[in-house]
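Spelled out from the first residue to the last, the chains are:
Number of protein chains: 2
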Amino acid sequence: MKIAILIYDGMTALDAVGPYEVLAQLRGAEVSFVGRRQGLVTCDTGALKLLAEKSIDEVPLADVVLVPGGPGDERVRADERLLSWLRAMHAGSRWTASVCTGSLILGAAGVLEGLEATTHWLRLDALAEYGAKPVAARFVEAGKVITAAGVSAGIDMALHLAAREAGERVAQAIQLSLEYDPQPPFASGSPDKAPEALVEAVGGAFDGIMAERMAKLGS
Amino acid sequence: MKIAILIYDGMTALDAVGPYEVLAQLRGAEVSFVGRRQGLVTCDTGALKLLAEKSIDEVPLADVVLVPGGPGDERVRADERLLSWLRAMHAGSRWTASVCTGSLILGAAGVLEGLEATTHWLRLDALAEYGAKPVAARFVEAGKVITAAGVSAGIDMALHLAAREAGERVAQAIQLSLEYDPQPPFASGSPDKAPEALVEAVGGAFDGIMAERMAKLGS
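Protein sequences, first through last, are from chains A and B. Here the numbering used here is used: the first residue of the first sequence is 1, the next is one more, and so on. Here the numbering used here is used: the first residue of the second sequence is 1001, the next is one more, and so on.
If you are wondering where the hints come from, they were derived from the structure by calculation, not from laboratory data. Just so it is clear, CB atoms sit at the ideal spot from N, CA and C, and this is done for glycine as well. Hints are supplied without guarantee of correctness; some may be wrong.
[What the hints assert, rightly or not] Covered by chain A, according to a simulated footprint, are these stretches of chain B (three or more residues, beta-carbon under 8 Å):
1) 1046-1057
2) 1168-1182
[As the list claims (entries may be wrong)] Now the in silico label distances, taken between C-beta atoms and shown as ranges:
3) A:D79 <-> B:K1193: 39 to 47 Å
4) A:R87 <-> B:G1143: 38 to 46 Å
5) A:E200 <-> B:A1091: 54 to 62 Å
6) A:G218 <-> B:E1058: 21 to 29 Å
7) B:A1211 <-> A:K54: 22 to 30 Å
8) A:K216 <-> B:R1164: 43 to 51 Å
9) A:G28 <-> B:A1197: 19 to 27 Å
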């Protein structure tokens, strides 16, 4: 099974690496990290670079295409070449998936029209601009399109996808091998659970932090 | 706060990327991905390459040193140059941390002598060979040494570390920004919770899969 993960400057690394770690364990999985061009991409903090071993021109088709999010999503949404590649990949995919604001990129490519979808809780309303029906959920399966909520939600989504492809026993084995038995120290992982003041503080600071990260990355 | 993350061929990417995504959000965090030499390292599946932007010679000191695990740990444990670097880093660190079999590397460097520690559930017994007291826990704090269980446990550990450094409110805000509200589709993330037959199957296949991954990476 061919799995293509789009990576780009200003992406959030965990959005891609969480699902990759799950899906790469499927029997016969061939994972490609794909960039606008072959070469290094710089993640949103500026501290981590991942290699896009292939350019989009080298990967015209895959069984699974996955799009991570991050503050760099804005540039990708304005990049007709990438969007056109995504439309073509989606036309031939068995699954089209996103994590965090990766769903806004799918939206910009026209993939979410009329579908239920999710994204990072701070961006949920933006999905409607792309004709999607925003749903506050860990992940949403709508036909062959699966969108996950913010950052770490990609792990849960990928375990679900692994079960859909290879059965629950295989997905459970992958979960056990990754020791995914989460015990978060705080009950603050979603806006429903965190104290209201914290939700407001994070919401208020978020845009500024993301803009700062992108400014550091340069153009 | 300077954070040095050791990366190496045959590591498991999520071991490093989970904690990085948490710790990089601390105010003033300067994260360095550090390799035996500057350049790309290939993760255990062969599909993902990360850039070690600095060599160990360029990073003689950090506030936090973090060691991921993965099937490549064996080579690192036999690499006196890396172990000697780790000993020096540990001597000057505020926190020395590991994820998964990264703790075996800390053990080989002599860091765990007499300390309680943890690792991937399939390797727990091996900790005793390094004079550590194995504990089956999500993560274990022993003085300034924090070891986490398998792969995804690094996220929980890093949130704890963030709280110890910057207070609970900051750690909670980071958890909310990463939307770390885990909803694993299965209750199979630890050997205590998964069906016994599955635990045996994963245990039986693990060594073979890890050896196969390392063989693919070459020498």
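Exercise. At the C-beta level, are E200 of chain A and A1091 of chain B separated by a distance inside 54 to 62 Å?
Worked result: Violated - the Cβ-Cβ distance for E200 of chain A and A1091 of chain B, about 43 Å, lies outside 54 to 62 Å.
Exercise. Can the stretch 1046-1057 of chain B be counted as covered by chain A under the rule of three residues or more with Cβ-Cβ separation shorter than 8 Å?
Worked result: Our answer is that it holds, as 6 residues pass the Cβ test (under 8 Å) against chain A, meeting three.
Problem set entry | Consistency of beta-carbon spacing, R1164 of chain B to K216 of chain A, with hint 43 to 51 Å | 27 Å, violated
Exercise. Taking the beta carbons of R87 of chain A and G1143 of chain B, is their distance inside 38 to 46 Å?
Worked result: 55 Å, violated
Exercise. For the pair D79 of chain A and K1193 of chain B, does the Cβ-Cβ distance stay inside 39 to 47 Å?
Worked result: 43 Å, holds
For this session: Examine the stretch 1168-1182 of chain B for residues whose CB is less than 8 Å from any CB of chain A, and state whether their number is three or more.
Result: holds (count 13)
Exercise. Holds or violated: 22 to 30 Å for the Cβ distance of A1211 of chain B and K54 of chain A?
Worked result: The hint (22 to 30 Å, Cβ to Cβ) holds, given that A1211 of chain B and K54 of chain A are roughly 27 Å apart.
Problem set entry | G218 of chain A versus E1058 of chain B beta-carbon gap, inside 21 to 29 Å or not | 23 Å, holds
For this session: Starting from the hint 19 to 27 Å, judge whether the C-beta atoms of G28 of chain A and A1197 of chain B obey it.
Result: Since G28 of chain A and A1197 of chain B have Cβ atoms about 23 Å apart, the given range 19 to 27 Å holds.
Taken one by one, the earlier hints fail for this structure at numbers 4, 5 and 8, listed in ascending order.
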